[in-house]
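Residue numbers (the working numbering), protein chains in the order written: chain W, 1 to 163; chain Y, 1001 to 1330.
Hints are not guaranteed to be accurate.
[Said to hold, decoys possible] Reference excerpt, derived from the structure (chain W facing chain Y, CB under 7 Å, subset only):
(1) 40
(2) 41
(3) 43
(4) 44
(5) 48
(6) 51
(7) 62
(8) 63
(9) 65
(10) 70
(11) 144
[Claimed, not checked] Here are some, though not all, of the chain W residues that point toward chain Y, as calculated from beta-carbon distances under 10 Å:
(12) 14
(13) 17
(14) 117
(15) 118
(16) 119
(17) 136
[Claimed, not checked] 30 Å max Cα-Cα, derived DSS-like pairs, lysine-lysine:
(18) Y:1072 x Y:1141
(19) Y:1086 x W:162
(20) Y:1086 x Y:1072
(21) Y:1198 x Y:1288
(22) Y:1072 x Y:1013
(23) W:150 x Y:1288
(24) Y:1288 x Y:1072
(25) Y:1198 x W:150
(26) Y:1141 x Y:1010
Keep in mind that the hints were calculated from the coordinates and are not lab data.
Quick caveat, the model's predicted, so the values are computed rather than measured.
No residue lacks a Cβ here, since even glycine has one placed at the ideal position from N, Cα and C.
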Amino acid sequence: MKAIFDEASAIAVTLTVNGTTSALRVPPLRRLLDVLREDLSLTGTKEGCGEGECGACTVIVDGRAELACMVPVCQVDGAVVRTVESTELESLQNAFLAEGGAQCGICTPGMIVMARAWLAECESAGVAPTVDGAREALAGNLCRCTGYEKILASVMRAAGVKT
Amino acid sequence: MKAFILSNPKSVKDALQLLAVARDSKQAKAIQPLAGGQDLLTEMKEHLAEPDRLVNLKGIAELDYLRNLDGKVQIGALATLARMEKNNLLNEHARVLFEAAHSIASPQIRSVGTIGGNLNQRPRCLYYRLEEANCLKKGGKECFAYSGMNRYNAILGGGPSYIVHPSDLAPALIALDATVFIAGRTGPREMPLESYYKLPSVGDVRTETVREPDELLLSVSFQLPAPGTRSTYLKFKERESYDFALASVALVLGFDGDVIRHARLVLGGVAPVPWRVRAAEAALVGQKADTQTAEKAAELALAGAVPLSGNAFKIPLTKSLIVRAIRSLA
Ligand SMILES: Cc1cc2nc3c(=O)[nH]c(=O)nc-3n(C[C@H](O)[C@H](O)[C@H](O)COP(=O)(O)OP(=O)(O)OC[C@H]3O[C@@H](n4cnc5c(N)ncnc54)[C@H](O)[C@@H]3O)c2cc1C
Ligand code: SF4
Ligand code: FES
Ligand code: FES
């Protein structure tokens, strides 16, 4: 994929990632995932499948959860991006620690970022977060280790809901 | 993969001008529109699509809308699936489309994927997606699914290719009698969405729609169903979290009291095109949505089914989905 994406000539792109704005010259179809990990050295965002199927690469783009492996950088010029390195995610990170929501950890950044986007959506829609809602929100985030229960418990702890 | 050019038109007019080159070019596929990229990027990665020019539609603001004009719902090609699954108008008056949008992929893909990309996405047949397999659909001589792994392939309308159309929006929109508006070098044209799709036995087996390479899908529209209309999209997935439809049913029923006055029944996941079954629709009109009527409609809908070696299970599966869908609207 990278080979494909790196052959066209570079374009100028501006991204604000976790509050820091960077101006980059990158091939237009370079994946947001590679820009984050390689150009900006933010390796918290993980690559699982590279095909939109696992959710490990989830980041928040202008308030929406998107898959960084499926987003070409030319389509997010000027965007505000938040990754797992964002300090806003600390309450979720602590909840994952407290509940044992992470084992190998590959899925964890995506889980945490997706959970953040979902909790923000619940808040702006004025609906109370529920376990079923969390399960649905995390449907595109796969985990091979935990069996999901502890992940859901972590998210609900961060939401302040007793499970 | 060869180097390619990316264009970022800001208007439909400019995009069409860029695409107009496509009709002259020897390789019509050399130029392709890019919307959310949630299908196209995977296709490029697997070398299934090798455009040397991409026309990025995302900057065309005039294609991004979902509006209600005096009871006519108009959806621009760039409206995302997330926008549709969060829309109150669809929730209240066009449940079939609301539920279909919500059933697609994962929240992350729904926040980027567009209606235009969804309706024009390419097949999911295992052999089509396998770079090494040069089957009929990719210009080869043989349909490998016909004699190979065909659990996910067609039971209706198949041959010489046996793909199923993967879009969940298409059956729902056809059940709403939606019209599609497309434009290209020879001007704009409008047609029922049903006629936008074509069987593999018609024309070029490599394409799924009547769209010419220089044409863009601009919008889809439908009349809000009359009061007394209920609708639903029932999708059976092999994996509960998210998946393409093993079989699905888009159903719109208009009632007068408890008697059905209007019926649209369109199947997904079972045929190379969204499969509308008029015989079943006719059998529903004038009846109550009871089990007996539902079972008769299901029998009629699957009457012509010819399963491949590995997918006969889809016949009873689809029948029971149809019965359940009809009963749920009673
Ligand atoms: C993991 C995964 C699961 C999925 N699950 C489902 C599912 O359950 N149900 C389902 O229906 N889909 C599913 N999809 C398929 C698809 O990605 C989405 O449905 C999405 O809507 C595609 O839209 P896009 O805008 O990203 O399309 P793109 O990838 O940008 O485009 C798709 C195709 O349509 C063409 N195109 C785009 N816009 C236009 C236009 N306006 N006019 C003409 N041609 C156009 C492109 O050239 C390309 O060939 C899934 C995809 C993935 C990766
Ligand atoms: S069903 Fe179509 S895509 Fe699949 S192997 Fe046969 S010809 Fe190819
Ligand atoms: S790495 Fe992006 S979804 Fe798996
Ligand atoms: S903790 Fe290992 S994949 Fe989730």
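Verification of the hints:
| no. | hint | result |
| --- | --- | --- |
| 1 | 40 | violated, 20 Å |
| 2 | 41 | violated, 23 Å |
| 3 | 43 | violated, 20 Å |
| 4 | 44 | violated, 17 Å |
| 5 | 48 | violated, 12 Å |
| 6 | 51 | holds, 6 Å |
| 7 | 62 | violated, 10 Å |
| 8 | 63 | violated, 9 Å |
| 9 | 65 | holds, 5 Å |
| 10 | 70 | holds, 6 Å |
| 11 | 144 | violated, 13 Å |
| 12 | 14 | violated, 15 Å |
| 13 | 17 | violated, 18 Å |
| 14 | 117 | holds, 8 Å |
| 15 | 118 | holds, 8 Å |
| 16 | 119 | violated, 13 Å |
| 17 | 136 | holds, 8 Å |
| 18 | Y:1072 x Y:1141 | violated, 45 Å |
| 19 | Y:1086 x W:162 | holds, 27 Å |
| 20 | Y:1086 x Y:1072 | holds, 18 Å |
| 21 | Y:1198 x Y:1288 | violated, 33 Å |
| 22 | Y:1072 x Y:1013 | holds, 24 Å |
| 23 | W:150 x Y:1288 | violated, 47 Å |
| 24 | Y:1288 x Y:1072 | holds, 28 Å |
| 25 | Y:1198 x W:150 | violated, 47 Å |
| 26 | Y:1141 x Y:1010 | violated, 41 Å |
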